Each structure stands twice: as structure tokens, then as C-alpha cells.
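Peer 1: One-letter residues, chain by chain:
Protein chains: 2
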Amino acid sequence: MSIKQITSLTNQTIKDIRALHMRKEREATKQFLAEGLKIIIDALDQGIAPQILIYGKDADHHPLLQRAIDETLKARGQVLEVTRDILEKISRKENPQMVLAVFAQRIRRLSEIDPDSHEVWVALEQVRDPGNLGTIIRTADAAAIGGVILIGDCVDPFSVETVRATMGSIFALPIVKCTREEFIADRGRWRGSVVGTLLTAKHDHRSAPYKRPTLLLMGTEQSGLTPDIANTCDLHVKIPMRGRADSLNLSVATGIMIYAACGL
Amino acid sequence: MSIKQITSLTNQTIKDIRALHMRKEREATKQFLAEGLKIIIDALDQGIAPQILIYGKDADHHPLLQRAIDETLKARGQVLEVTRDILEKISRKENPQMVLAVFAQRIRRLSEIDPDSHEVWVALEQVRDPGNLGTIIRTADAAAIGGVILIGDCVDPFSVETVRATMGSIFALPIVKCTREEFIADRGRWRGSVVGTLLTAKHDHRSAPYKRPTLLLMGTEQSGLTPDIANTCDLHVKIPMRGRADSLNLSVATGIMIYAACGL
Ligand SMILES: [Co+2]
Ligand SMILES: [Co+2]
Numbered sequence: 001m002s003i004k005q006i007t008s009l010t011n012q013t014i015k016d017i018r019a020l021h022m023r024k025e026r027e028a029t030k031q032f033l034a035e036g037l038k039i040i041i042d043a044l045d046q047g048i049a050p051q052i053l054i055y056g057k058d059a060d061h062h063p064l065l066q067r068a069i070d071e072t073l074k075a076r077g078q079v080l081e082v083t084r085d086i087l088e089k090i091s092r093k094e095n096p097q098m099v100l101a102v103f104a105q106r107i108r109r110l111s112e113i114d115p116d117s118h119e120v121w122v123a124l125e126q127v128r129d130p131g132n133l134g135t136i137i138r139t140a141d142a143a144a145i146g147g148v149i150l151i152g153d154c155v156d157p158f159s160v161e162t163v164r165a166t167m168g169s170i171f172a173l174p175i176v177k178c179t180r181e182e183f184i185a186d187r188g189r190w191r192g193s194v195v196g197t198l199l200t201a202k203h204d205h206r207s208a209p210y211k212r213p214t215l216l217l218m219g220t221e222q223s224g225l226t227p228d229i230a231n232t233c234d235l236h237v238k239i240p241m242r243g244r245a246d247s248l249n250l251s252v253a254t255g256i257m258i259y260a261a262c263g264l
Numbered sequence: 001m002s003i004k005q006i007t008s009l010t011n012q013t014i015k016d017i018r019a020l021h022m023r024k025e026r027e028a029t030k031q032f033l034a035e036g037l038k039i040i041i042d043a044l045d046q047g048i049a050p051q052i053l054i055y056g057k058d059a060d061h062h063p064l065l066q067r068a069i070d071e072t073l074k075a076r077g078q079v080l081e082v083t084r085d086i087l088e089k090i091s092r093k094e095n096p097q098m099v100l101a102v103f104a105q106r107i108r109r110l111s112e113i114d115p116d117s118h119e120v121w122v123a124l125e126q127v128r129d130p131g132n133l134g135t136i137i138r139t140a141d142a143a144a145i146g147g148v149i150l151i152g153d154c155v156d157p158f159s160v161e162t163v164r165a166t167m168g169s170i171f172a173l174p175i176v177k178c179t180r181e182e183f184i185a186d187r188g189r190w191r192g193s194v195v196g197t198l199l200t201a202k203h204d205h206r207s208a209p210y211k212r213p214t215l216l217l218m219g220t221e222q223s224g225l226t227p228d229i230a231n232t233c234d235l236h237v238k239i240p241m242r243g244r245a246d247s248l249n250l251s252v253a254t255g256i257m258i259y260a261a262c263g264l
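Order-wise, the sequence lines are chains A and B.
Numbering-wise, full-length UniProt numbering puts 73 at position 73 of the first sequence, and it's gapless, one number per residue.
Numbering-wise, full-length UniProt numbering puts 166 at position 166 of the second sequence, and it's gapless, one number per residue.
Careful: at least some of the hints might be erroneous.
One copy or two, it doesn't matter: identical chains are merged, so the pair holds either way.
[As the list claims (entries may be wrong)] Each computed EDC-like pair below joins lysine to aspartate or glutamate, with the alpha-carbon atoms no more than 20 Å apart:
| # | residue 1 | residue 2 |
| --- | --- | --- |
| 1 | LYS238 | ASP116 |
| 2 | LYS211 | ASP16 |
| 3 | LYS38 | GLU221 |
| 4 | LYS4 | GLU221 |
| 5 | LYS177 | ASP116 |
| 6 | LYS89 | ASP153 |
| 7 | LYS89 | ASP58 |
| 8 | LYS238 | GLU81 |
| 9 | LYS38 | ASP246 |
| 10 | LYS202 | ASP156 |
| 11 | LYS202 | ASP85 |
Read the hints as simulated data drawn from the structure, not as lab findings.
Remember, predicted model here, so these are calculated numbers, not experimental data.
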């Protein structure tokens, strides 16, 4: 394979790539779009090559771009050199990144993970904000927990905005998706502490025993955990609030919980 | 005073309000724009009335809207009933909030705060992201620390995006602005622990003594604290990272630091 030059916006591959801004298309193709050389190098460092690498024909001939080209071709991916116009359309920005890539999605089922393989895991029910989800994946990676489990109707972990907020951590740890019913059916495999965070809990987050493996459950930005999921917990905790604000941003709350549960 | 009806986009007051999307105009007028009834009620609950209240003529006649109207008029503010067109232009959105308000900015100088009045404070050097800043102000409010000190060239705390992320906490605690030189000149008044967060620090954030009053110093998203500011610290700490990601989102890191320093 070699590098292909594309100048036409009506090229079918370019159309397919642009369609990855739509969740439906991402789910149908099991692909996603990542922007910028940094995240692509992060992926390569983790042994993951793009399916398609796209760069602007006036991109800097940085040695890292050459590495991305070489490794993409070696993995039998496509490499496309495109015009600035095409980059702008693909990225939907006036100042697009000069390098973009399409990767295969990797989503796990609950049955594919072993709770006992890590001390701490986090599950998010109905998380709505792409930036929050991306930031939580980044924190989960920094603390080296087992993975992030998405319960119910969550925002797509492979949206451009979420992927950007992960800062490369999207490739670093398992992302698991399940329905509420699947989570409840799987509950028996979690033999450590299953800890729900609720604003109404009586115990502080620091007083929990966090028996291993610990599963932290965080609810939606608006209304917290649903009763069905809250009922599966061994205990409920809250992060103390002593000012006027009665809640924290979800990614901040999850960060505080992850670090507390890890004893870090 | 009574309610004024406005239907023309060329009305001067409407033009002035729209100009508040620009930092220069916010700084010249010392005003800012807040969106949504919730944040306006948050302000009223804290004894702060809008200078201008704006609502759509087809807004729900919610008792809280009536309260906002009454309290704005009582405080000699203006109340404007406007068309949906005008709301869209003011908010720059297709689905605008039906209630908006203009408030006076309140920014403190370092000399106006008493370090000994609270156990913990946070200072941010050159914070760049409006969402991060708003989220940090919200966390600072939840933990009831003394205030948020902005050092050097920071993003505007009164941008629409920052104000939105504060979820009403923008009114709850002092926001202080200073130059790097002013901060260094004021350093002597901080007689507890001045703790800088640096990725290169040797000590963990949990091992710090946090002598009162504690001032936490957080650097910019890209490159951390500048040497000049890092040199003013009594000690440097880092939040442990044990995965692949070598840093946290700034608002998450600041949240973990604030909760650790407060002993919460
Ligand atoms: Co691991
Ligand atoms: Co206070």
C-alpha cells in the first residue's frame, strides 16, 4: 500500500470519515475519529494503529508524522494526503488539526472483564456530558483502575469531544457497555465493595471500607443513581459539602472518589 | 420603575447586552451575562439582584420568575420583556433560555482579602479553559474555602461559559485577580502552608502538613506553575499517577487538592 492523494470533497472515503461525527454511523461502522498527532502517537505507543490516517499536504514533516504513516501502512491501514479544505470539513473547524485518524472502536461486555483483576473499577449510569466522560476516562487511566463501565443510556464514549477530553486515555483501559438489566444480572460477580455515590448518603466517602475489588457507582449529572442501581450497592457514600453548592461537577466527584477508593 | 417591552434588535440596551459576549466590553462595563432562571434565583438567595432582567414574552409565568421581576425592580434594576428573536441573539443560541440577566462583576484585590479568615484558599496561575475555571469555582464553593485567586493572564471568570460551569457559585465566594508581581509582593501575608502542585514534585499531596491558612497553587493546563510562582511555595506536592496518563484535567486535580487540603 502507499499514500493516496485526495483533493475532492465528494470522494467516498472522505464522506465516510465525515459521517463519523454521527453516533449512528460510528455505531454502524464501529469506528471513530481522533484529532491531532499526539493522540495518534499515544495509540501507537499502546500498540494500536489507525485504520485510516489523514494528514494535510502542508503538514509539517515531523518525524512523528512519518512514524504514524509507516506504522499505519505496516498495519495495512490507509494513508490519505488531503487538502486543507478537506481537513476543515472532516474536523468541522476553521483551524483544523493537520493530522487526523480513524480507529476501530473497542467496547467490552461485562462478561469479558474479570472484576478480580483490578482493585478498583468505576461505573457510570446515564452520564450525559461528553467532556465529563472523557475526563473520567483520563482520571481512571491516571489512577490505573480496571476500567470504566457505562450503564444504560450514556453519551457515546467515541464522540470527537469525549475522545479529545480523554487525552489519549481512550486506548488505555477497557470501556464496558451494558444495560441496567445486564448490570444487575452481573452483580454477583462483584464480591468486594460496591459503593454508590448519593447526595443523600449518611456516610462520608472516606469512611467506606473499599473492600477489593471495589466498584464505584456514579449517577447522572442531573439526578444521580436510579433506585434500581442504587439498590445493588453494599453501601452509599457522599462527598461532604459544606458550602452553598450542594453538588460537584461529575468528573470532579468521580476523580475524588477514584483517588479515595485507590487510597491515593 | 416598571417592565419595558422591547421588540427591536436595534434597541441600544439590547446591543449593550449582546456586547457582553466580548471580554473587552465586560471589562469596560464591569458587567456580565448569566443565563437561566436557576442561576438568577441562586444570586437572589445570596442577596444579589440583577442590574437588568430579561425574559421572553412567552416565558412560563413561574412564581420564581415573578420573584426575580419583583426583586430586580425593588433593587432599581431594569426588567425587559423581549421577543424570542431577541433572546436568541442575546444568548447566541437557537434554543435560548427564557430568562437572562445582567449582573455587576465583583472582583477583589489581594489586599481586600484576609488570608486568616479561612483555612484553605486556591490560586490558579494562567488558567486557560473557561469550563475548568467555572468548575473549580463550583468545587471551591462546595468545600467552602476562602476564595479563588487568579494569577497572571487567566481566562475571564465572567464569560458566559465560565459562569454557566459555576452553577451559581460565581456569587458565592470571593474571586481575586492579581498579577504575578502583586502575588509575589503579597506572599508575606500567607503564614500557613503555600503548597504548589507540580508534576515533578517528590511528595504526595496527602503527605503535606497543610498548616493554616493553606494556599494551594495550581498551574496552567499546558505547563504547570511558572518558576517565579513555584519558587514562592513552602512545599511542592504531586497527585500520584500510576497509569499511562501522566496528568489529570485541571479541574479534577484542583478538586482532589482542595478536598485533601480541607481534610474532607
Ligand atoms: Co490495568
Ligand atoms: Co467563606
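Peer 1: Which numbered conditions among the earlier hints are violated in the structure presented, ordered from lowest to highest?
Peer 2: 1, 2, 4, 6, 8, 10 and 11
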